[in-house]
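Undergrad: Let chain P serve as the given structure and place chain D on it in line with the hints.
Top line first, the protein sequences correspond to chains P and D. Numbered by my numbering, the letters in the first sequence go through residues 487 to 869 in order. Numbered by my numbering, the letters in the second sequence go through residues 837 to 945 in order.
FYI, nobody ran anything at the bench for these hints, they're computed from the structure. Each residue gets a CB set at the ideal place from its N, CA and C atoms; glycine is no exception. Take the hints with a grain of salt, since some may be wrong.
Computed, partial: chain D to chain P, Cβ under 10 Å [said to hold, decoys possible]:
1) Arg838
2) Ala850
3) Ala876
4) Gly883
5) Gln901
Chain by chain, the residues run as shown.
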Amino acid sequence: MPMKTWIEKQRHLIDFTLASLARRKAKNLGLLFIYTLLVFVLASVALYAHALRTEAQKVLASSPEIVLQRLVAGRHDLIPPGYLEQIGQNVRLRGVQKMEGRLWGYYYDSVVKANYTFMAPRDMQIPRGEIIVGPALERSRGLAAGNGISFRSYSGELHTFIVAEVLPQTSELVSADLVLMHEEDFRAFFKYPEGHWTDIAMSVANPQEVRNVAIKLLSTLPDSRPILRDEVLRTYASIFDWREGLMLALLSAAILAFGIFAWEKAAGLSAEERREIGILKAIGWETGDVIKMKFWEGLLVSLLAFLLGYVAAYLHVFHLDAMIFEPVLKGWAVLYPRFTLPPHIDGLQIATLFFFTVFPYTAAVLVPIWRAATTDPDTVMRS
Amino acid sequence: MRPANLALIVFASAIGAFALSFADAARLRAQSESASAETARLVERLGLTDPALFTEARYTRHPTQADLQSAFQDHPVAFEHFPTGSLVPPPAGILNAYENLDRKTAAPD
Numbered sequence: 487m488p489m490k491t492w493i494e495k496q497r498h499l500i501d502f503t504l505a506s507l508a509r510r511k512a513k514n515l516g517l518l519f520i521y522t523l524l525v526f527v528l529a530s531v532a533l534y535a536h537a538l539r540t541e542a543q544k545v546l547a548s549s550p551e552i553v554l555q556r557l558v559a560g561r562h563d564l565i566p567p568g569y570l571e572q573i574g575q576n577v578r579l580r581g582v583q584k585m586e587g588r589l590w591g592y593y594y595d596s597v598v599k600a601n602y603t604f605m606a607p608r609d610m611q612i613p614r615g616e617i618i619v620g621p622a623l624e625r626s627r628g629l630a631a632g633n634g635i636s637f638r639s640y641s642g643e644l645h646t647f648i649v650a651e652v653l654p655q656t657s658e659l660v661s662a663d664l665v666l667m668h669e670e671d672f673r674a675f676f677k678y679p680e681g682h683w684t685d686i687a688m689s690v691a692n693p694q695e696v697r698n699v700a701i702k703l704l705s706t707l708p709d710s711r712p713i714l715r716d717e718v719l720r721t722y723a724s725i726f727d728w729r730e731g732l733m734l735a736l737l738s739a740a741i742l743a744f745g746i747f748a749w750e751k752a753a754g755l756s757a758e759e760r761r762e763i764g765i766l767k768a769i770g771w772e773t774g775d776v777i778k779m780k781f782w783e784g785l786l787v788s789l790l791a792f793l794l795g796y797v798a799a800y801l802h803v804f805h806l807d808a809m810i811f812e813p814v815l816k817g818w819a820v821l822y823p824r825f826t827l828p829p830h831i832d833g834l835q836i837a838t839l840f841f842f843t844v845f846p847y848t849a850a851v852l853v854p855i856w857r858a859a860t861t862d863p864d865t866v867m868r869s
Numbered sequence: 837m838r839p840a841n842l843a844l845i846v847f848a849s850a851i852g853a854f855a856l857s858f859a860d861a862a863r864l865r866a867q868s869e870s871a872s873a874e875t876a877r878l879v880e881r882l883g884l885t886d887p888a889l890f891t892e893a894r895y896t897r898h899p900t901q902a903d904l905q906s907a908f909q910d911h912p913v914a915f916e917h918f919p920t921g922s923l924v925p926p927p928a929g930i931l932n933a934y935e936n937l938d939r940k941t942a943a944p945d
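Excised from the complex, chain P in its bound form (with noise of 0.2 Å):
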């Protein structure tokens, strides 16, 4: 058959699956409907979900590749003096660049409600008496650069900085709560101890190397814990996929809920539909041709419902800020950052949710009508 030919004859069967849809509007606009909701639930949670993931990776490729802490009881303790030096002379570490102690700690803001995460970052000149805000307390506290702000210290005695700067408001998926401070002034603050620190931070060159690094630490420190990037890294892909998970299984009512309604529509034939098909045989159609037919309606329908729910989805999740599923994926606080997401979109994951909407639903439309197509139409119209 001539190629024109044959996409003329699609046209008409097109035309006709299309009138024959047309007779129970209300009916099908209602299934395409719920179909498109559908996916678009789906899709919203996997392009969140996704993107978060990889944006967390990404930034967070940069961190220590090991965080050294020391455990006293099975807790987070404090690095003592001399054990930087201990480290440095028990154990050859080799490939390890740089390890210094690092001082942090958390701060607990009883006007907002909030907890603030305190720092004293070694390469950054911060002068005494000034502060470093995140955005999300420049928000909370109204405070801007050349503000002061004062925070009762747990020994009960009133601590007054300056904001020198507020960090970028870009970063603040991973700056949100800091407040970054000149060492001594940390000290003061918390009262910390002289030449204690809160944990190690080290880099090592060698990928390869970080892990002999760690076992050599452990087995020469057994009080210490070493966090290596690796496991942080997975410890948010677990967490994101953990939350994404959750949804999907809140969720998996309703696409059940779905499949139920869908196969029904699709794999039960109403009395009308059987009768068409049996006036179809009748006045000459061949069972290929309606066959044909029903595959166009299940392809038109589950295809549009695809194409309509994902672009609402990307709209949603990317120009909307994902209004509807951020708290659930992201967590809460009252201290939230304020971020949009760069689309990180996983094709795959799309081909996915393409193949188990659209194939089910067209094969479900197929079967029934299989069996009534190749029945003699005189028992068909009967029945």
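TA: Leaving out everything else, chain D in the frame of chain P:
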């Protein structure tokens, strides 16, 4: 207009929008490239290990740095705080057995 032509127009627009979403994604990614790089630099400079997503407690602010071995973290009811705790509260029976200090105190727990 023939229904088939109408369908063709609708599908062409939908497929166009679908393709456009990928082009738009590439554009947005390119736009945010410098911001992501800046964030990564900040992470490197400060040695950050966690995104500031859940600031309510130390083991949710820095889940990767939290104590692994100590069960119950702060006190017996608090161990479900993360990540399930953000969606599902602990069973009522367990809650009633302890004083809910974590929800009453003004100082950090």
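Undergrad: For each hint given before, does the structure comply? Return the numbers of the non-compliant ones in rising order.
TA: none
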